[in-house]
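Asks: Here is how the chains run, residue by residue.
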Amino acid sequence: DAEITQSPRHKITETGRQVTLACHQTWNHNNMFWYRQDLGHGLRLIHYSYGVQDTNKGEVSDGYSVSRSNTEDLPLTLESAASSQTSVYFCASSPSGGQNTGELFFGEGSRLTVL
Amino acid sequence: SQQGEEDPQALSIQEGENATMNCSYKTSINNLQWYRQNSGRGLVHLILIRSNEREKHSGRLRVTLDTSKKSSSLLITASRAADTASYFCALIYGNNRLAFGKGNQVVVIP
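Protein sequence lines correspond, in order, to chains F and L. According to our numbering, the first sequence is numbered sequentially starting from 1. According to our numbering, the second sequence is numbered sequentially starting from 1.
Please note that a few of the clues may not be correct.
Computed Cβ-Cβ distance ranges for the label pairs, DEER-style [claimed, not checked]:
1. F:THR20 <-> L:LYS69: 43 to 49 Å
2. L:GLU55 <-> F:THR20: 43 to 49 Å
3. F:SER80 <-> L:GLN14: 33 to 39 Å
4. F:LEU39 <-> L:SER12: 17 to 23 Å
Honestly, the hints are just simulated from the structure, not real lab data. Ideal placement from N, C-alpha and C gives every residue a C-beta, glycine not left out.
Build the full structure now, drawing on both the sequences and the hints.
Replies: Next up, the structure:
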């Protein structure tokens, strides 16, 4: 079955370190998204991509970057982790074109703690 | 803001009762979606209702949409303990981006 997987599921890091969260989907979806989920804020969009070599900033993109070198993967990088980036991160994907209703398929999340 | 806002934010009910939660929004929409999130898991799509639809059913779920009031409701009938979760409404904006509300936390007591 097609799926979307995130790794690691849990990570503890120190302030200032670079961290990369992986997202891999086998749906062959063109659209991929990264959200963070925090109490009191719901889900907020960090970055998104509509296809290979395409990346776009979401509403909370400062301190994060993404790259899209193939259809399956959209890694999220925290260049210099800050305590404010402690959160649960969700990757999601959706098809494009006529099959797309806007429905997102989510990974299980990556819980990041920055000490 | 493109977000929907859910109400109530927390709901506790007995198993077998119905659970109703509402979502209000401010912008015009093409469709509105509801998602469920079990504790420690990712979000799962439940149902989508288009702007030209007023009501939609899926199993024990019933969603209504009132575009004149910019609101939607999600009804879960005959609730079960397994329905304990957070429920989010989501609006599509821009090019296939979804904006999520902050969620309703529903606890079903066995």
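Asks: Does the beta carbon distance between GLU55 (chain L) and THR20 (chain F) stay inside 43 to 49 Å, or does it fall outside?
Replies: For GLU55 (chain L) and THR20 (chain F) the Cβ distance comes to about 45 Å; the hint holds.
Asks: If you check the beta carbons of SER80 (chain F) and GLN14 (chain L), does the distance land in 33 to 39 Å?
Replies: violated, 49 Å
Asks: Would you say the C-beta atoms of LEU39 (chain F) and SER12 (chain L) sit inside 17 to 23 Å of each other?
Replies: holds, 18 Å
Asks: Do the Cβ positions of THR20 (chain F) and LYS69 (chain L) conform to the proposed distance bound of 43 to 49 Å?
Replies: holds, 44 Å
In this structure, only the earlier hint numbered 3 is contradicted, and the remaining ones agree with it.
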